[in-house]
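The residues making up each chain are set out below.
Protein chains: 4
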Amino acid sequence: MSQAEADALVLSDDPEHPANLIPELCASFYHLGWVTGTGGGISIRQGNKVYIAPSGVQKERIKPEHIFVLPFPRPSPDVFLRKPTIPLKESACTPLFWNAFELRGAGSCVHTHSQHAVMTTLLWSGDVWQVSHLEMIKGVRIGGMGKALSYLDTIIVPIIDNTPFEEDLKDSMAQAMVKYPDAAGVLVRRHGVYVWGADWEKAKTQTECLDYLFEVSVKMKLAGLLS
Amino acid sequence: MSQAEADALVLSDDPEHPANLIPELCASFYHLGWVTGTGGGISIRQGNKVYIAPSGVQKERIKPEHIFVLPFPRPSPDVFLRKPTIPLKESACTPLFWNAFELRGAGSCVHTHSQHAVMTTLLWSGDVWQVSHLEMIKGVRIGGMGKALSYLDTIIVPIIDNTPFEEDLKDSMAQAMVKYPDAAGVLVRRHGVYVWGADWEKAKTQTECLDYLFEVSVKMKLAGLLS
Amino acid sequence: MSQAEADALVLSDDPEHPANLIPELCASFYHLGWVTGTGGGISIRQGNKVYIAPSGVQKERIKPEHIFVLPFPRPSPDVFLRKPTIPLKESACTPLFWNAFELRGAGSCVHTHSQHAVMTTLLWSGDVWQVSHLEMIKGVRIGGMGKALSYLDTIIVPIIDNTPFEEDLKDSMAQAMVKYPDAAGVLVRRHGVYVWGADWEKAKTQTECLDYLFEVSVKMKLAGLLS
Amino acid sequence: MSQAEADALVLSDDPEHPANLIPELCASFYHLGWVTGTGGGISIRQGNKVYIAPSGVQKERIKPEHIFVLPFPRPSPDVFLRKPTIPLKESACTPLFWNAFELRGAGSCVHTHSQHAVMTTLLWSGDVWQVSHLEMIKGVRIGGMGKALSYLDTIIVPIIDNTPFEEDLKDSMAQAMVKYPDAAGVLVRRHGVYVWGADWEKAKTQTECLDYLFEVSVKMKLAGLLS
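Chains as they are written, first to last, in full-length UniProt numbering: chain A, 1 to 227; chain B, 1 to 227; chain C, 1 to 227; chain D, 1 to 227.
Honestly, the hints are just simulated from the structure, not real lab data.
Certain hints may be false.
What the hints assert, rightly or not - Computed cross-link-like contacts, DSSO-like style, restricted to lysine-lysine with a CA-CA straight-line distance of at most 27 Å: (1) K219(B) <-> K221(C); (2) K89(B) <-> K170(B); (3) K219(C) <-> K170(C); (4) K221(C) <-> K147(B); (5) K89(C) <-> K49(C); (6) K170(B) <-> K221(B); (7) K219(B) <-> K219(C); (8) K63(A) <-> K147(D); (9) K170(C) <-> K83(C); (10) K49(D) <-> K89(D); (11) K49(B) <-> K83(B); (12) K63(D) <-> K63(C); (13) K221(A) <-> K221(C); (14) K219(A) <-> K221(C); (15) K63(D) <-> K63(A); (16) K147(A) <-> K170(B); (17) K63(B) <-> K147(A); (18) K221(B) <-> K219(C); (19) K89(D) <-> K219(B); (20) K89(A) <-> K63(A); (21) K170(D) <-> K89(D); (22) K219(A) <-> K221(D); (23) K49(D) <-> K147(D); (24) K89(D) <-> K147(C); (25) K63(B) <-> K49(B).
Bear in mind the structure is a predicted one, so any value in this text is a computation, not a measurement.
Please model the complete structure; the sequences and the hints are all you need to start from.
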C-alpha cells in the first residue's frame, strides 16, 4: 500500500470516522480528567481495522494524521496498515485493547487514569470492586457486550496489580477477563481502568457509568455508608 | 400526518424551539455531570405537544431529528405526533415527566442522575430531605409552580425508593407529589431526582437550585454542621 | 431620551463595553458555579453610568439588550437611563452594588453564591473570616481599592447575617464596610459574598482570589490544619 | 531594533508560535484552576529567546501583543528584545523561570497556584513531598529533563518556604534544585509549584502528572491511606 493509500485510511470528512472520533473523544476525556499527562485513550475497531492513538502525546491535541491503523487479527506486532509519517509509536495500551477485541469481541476499548478508578483500587483492597443498588449500574452490560445489568444486580469489576510496563498487564488482564466473564472492565491498582463495549458509543457510555459508580462508591465508603 | 409534516415539528431555525433546546440543554447538563452514561434529560411541553429525547443515547449528542413529539393529553402510550426515522425509543422517563405535566400542570421536567442527589438520598434515610436557612431556597417555587419560597421556609423534597424499571416509579412518584403538594421535585433513592417548572427556564433553574442545595447540604452533613 | 437613544447605551461592537462584558462574565461565572439558579452577577460602573443585569434570569444567557443603565449618583430608585423593552426588573443586588460604589468608590462589584463562600460562613461562626500565610492573599487589595495585601498580612472579611429580602442587607453590609475599611468584600452567612474593585478586572480577579482562599481555607479547616 | 521589528517577534500565524501558545495555554490552565486571580503562568524558551507573559493580568485573556521577549542568557534584568507597547511589567516569576532554564537547560517552565499543590505543602510538613507506586509517576522525567521515572521509583519534589516577594524565591528554589537534581519541580509552601521540561509539551504534561499526583496523594492522606 502506498503512503497515500495508507493515509486515506485516516482522512475523512465524516465526523464519525474513527480517525476523527478518537481525537474528539480524547479531548473530551481530557476535560473529564481521564487522560491528562498523556495517559489513557480510546481505540476503535471496525471490522478488521483497529484505530489507535499514539503513545506519549497530549491526548487533547491528537490530529487524525497521528492515528495508527492496525489489521485485526494482527499477524505480528510489527504489522501496520498505516503509520503516521512523523516519528510516533502506537499507544502502549495496544495489547490491552487487543484483549477486549479478542476475548470479548469488543468494537472499542477505553483506558482512563481517572482518580476515581485509582481511589477505588485503594479503598477496595481485594481482588474485586463491587457495589449494588445504584441506578447507574443499569448503564453497564453483562461482560460489556451482553444485555444490560439490572438495578438488582451486583456489579463486579476485577482489580489486577499494576506492572512497570503497560504491556506486561496483558496476561493478568486476560486472566481476570476469563475469571470474571460478566465484568465490563478491569481495574488496575494504582493506575486506572480498562472498559470496552460493542462500539465506541457503548464503550464510552459504559466508562461514564463505571466512573460515576467508582466516584460515588468512594464517597459512600469515606462517609461510612458502605460496610 | 405525513413524515414530512411530522418532521416539521422538530425542524426550526429558532434556537429556542424545544427540538433545538433539548439537545443544547442536555449537552449542558452532561458537563454538569447530570446526564452522563445516557441517563437523565429534559422534556418540554408547549400546550398540547410534548417534546422528549430518545432513551439510551448519549445525551450530549442528541440532534433535533432524534426528538419525539407526543400529544398532551395522550390517548395511549402508542400515540406519537412524530417519531425519529431511525430506530429509537422514547425516554423511559416519559411516564415520570407526565406526572409533572398532569399533576402540576408543568411545562417542563428535568431528570438528573446527579451524585449530589444520590448522596442526599443516602444521607437522609427517611421519607424526605429538608434544609432551611440557605439563600438558594429562594430560587425554588412552591410546588415548583407557585410563588417563590422564602429564605425563612424549610424546603422539603420527598424521597421515594427506586425500582428496577424506571416506568414503575410512576405511581410512587405521583403519590409523593400528592402527599407533598409544595414540593418542587421528587428524589429517587440511589438514582437521582425529578424537578419541574412552568417552563424550561424555571425547570432548569429550579434544578440548579436544588442540585446546589443537595450538594451543600451533603457537605454540611459530612462536616457535622447539620444535627 | 428616546428609546433608541437609550438602547444605544447598551449596543456596541466593543467586546469590552459593559453591556457586552456583563453577559460574557456572567456566563463565565456560571461555569465556576458562582451564579447558577439565577443568583449572583456583576455590575460595572463607568463614571456616572452603572450597568446592571436583570433579576431572576439565567445568568449565563443574558443579552446586551437585557442590561439596565442607571445614573450615578441616582436621585431615586425609580430613575433609569435605560431599561429593557421586555418586562424585566433590575437585579435585587442593586442596593448592595451601590454600597461598593458609594462607600468605596468602586468601579465594579461581583456577587456570587459560591458554595465555598457559604461553607466559609458556616465554618467561621463569628463576625469575620480570616486567614494568613497564603500566596493568593497578595491578589487582594486593601479595602478592595488600595495597594495589594502582603503575604504577611492577615486577610479579614466580615460576615453579616442573611435577610429574607436581598435589599435589606444594604444597611448591615454598609455597617460592615465602615467597621472593616480594609476588607475587599463582605460575606453573607448562608448566602454568598460581595466583592468589589476599581474596575471589572480587579473586581473579578479579587473575587477569584477570595473564592480560592475560601475554598482552600475550608479544606484546611476540615483537614484539621487550622486551629 | 525598531518597535515593528520587535513586534514581529510576537506576531505569527503559526498557532504553535510561543506568543500564540502562551495565551492559549494560560486560558486552558485557568479552567484547571491553576492560574486564577492573575497568578501563575507558563514561559517558553526557544534557543536564545524567552517568551514571558505580563504580571498581574487575567491569565485567560492574554493576547500575543502582551508577550515579553527576553534574550537568553540575559545580560541584565533591564534587557528586553521586545516589550508590549501598553504599560505592563513582565511576570514576577521571571527569575524563577530562569532557574529552570539555567540550572536544568529547560525549554519551558510552568507555575501554578493549584490548590492541590498548596494542600500538599500543608499535609507534608517536611522538606519534601514524596509518593510511590502510582502509574502517573511514569509521566514525569528525572530532573524534568532526563528519562522517564519508573512505576517502581519514588517521586520526590522539594518544598521551599514562601517569601513575601516572588523574586526572593530565586535562591532557595535554586538551592532545592541543586540539592534534589532528580526533581522535576519545586513546591512552594502555601503558594504553588514550579515545573519544567525540555519543551512546552513536556513542561505542561509533567505539570499535569504532578498535579494529579498531588491531588490523589492528598485524597489518600485524608483517607488514611498513607502512613
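Check: Does the structure keep K63(B) and K49(B) at a Cα separation of 27 Å or less?
Finding: 18 Å, holds
Notebook entry, point to check: Is the hinted pair K49(B) and K83(B) satisfied, with a Cα-Cα distance of at most 27 Å?
Noted result: Holds, at about 13 Å.
Note to self: K219(A) and K221(C) were given as a pair; does the straight-line alpha-carbon distance stay at or below 27 Å?
What the structure shows: The hint holds at about 19 Å.
Check: Are K221(A) and K221(C) close enough, with their CA atoms no more than 27 Å apart?
Finding: It holds: about 21 Å lies between the C-alpha atoms, which stays within 27 Å.
Next item on the list: Decide if the proposed pair is consistent with the structure: K89(A) and K63(A), CA atoms, cutoff 27 Å inclusive.
Entry: This hinted pair holds, its Cα atoms lying about 14 Å apart.
Note to self: With the threshold set at 27 Å, check whether the alpha-carbon distance from K170(B) to K221(B) stays at or below it.
What the structure shows: 30 Å, violated
Item checked: 27 Å Cα cutoff - pair K63(D), K63(A) -> 25 Å, holds
Margin query: Checking one constraint from the list: CA of K221(B) to CA of K219(C), max 27 Å. Satisfied?
Written below: 15 Å, holds
Margin query: So if I understand the rule, the pair passes when the alpha-carbon distance is 27 Å or less; does K221(C) with K147(B) pass?
Written below: Roughly 38 Å between the alpha carbons, so the hint for K221(C) and K147(B) is violated.
Note to self: Hint check: K49(D) vs K147(D), CA-CA at most 27 Å. Holds or violated?
What the structure shows: 25 Å, holds
Check: Does the structure keep K63(A) and K147(D) at a Cα separation of 27 Å or less?
Finding: The hint holds at about 26 Å.
Check: Is the straight-line distance between the alpha-carbon of K89(D) and that of K219(B) 27 Å or less?
Finding: Violated, because 42 Å separates the two Cα atoms, which is more than 27 Å.
The structure fails to meet hints 3, 4, 6, 19 from the earlier list, while all remaining hints are met.
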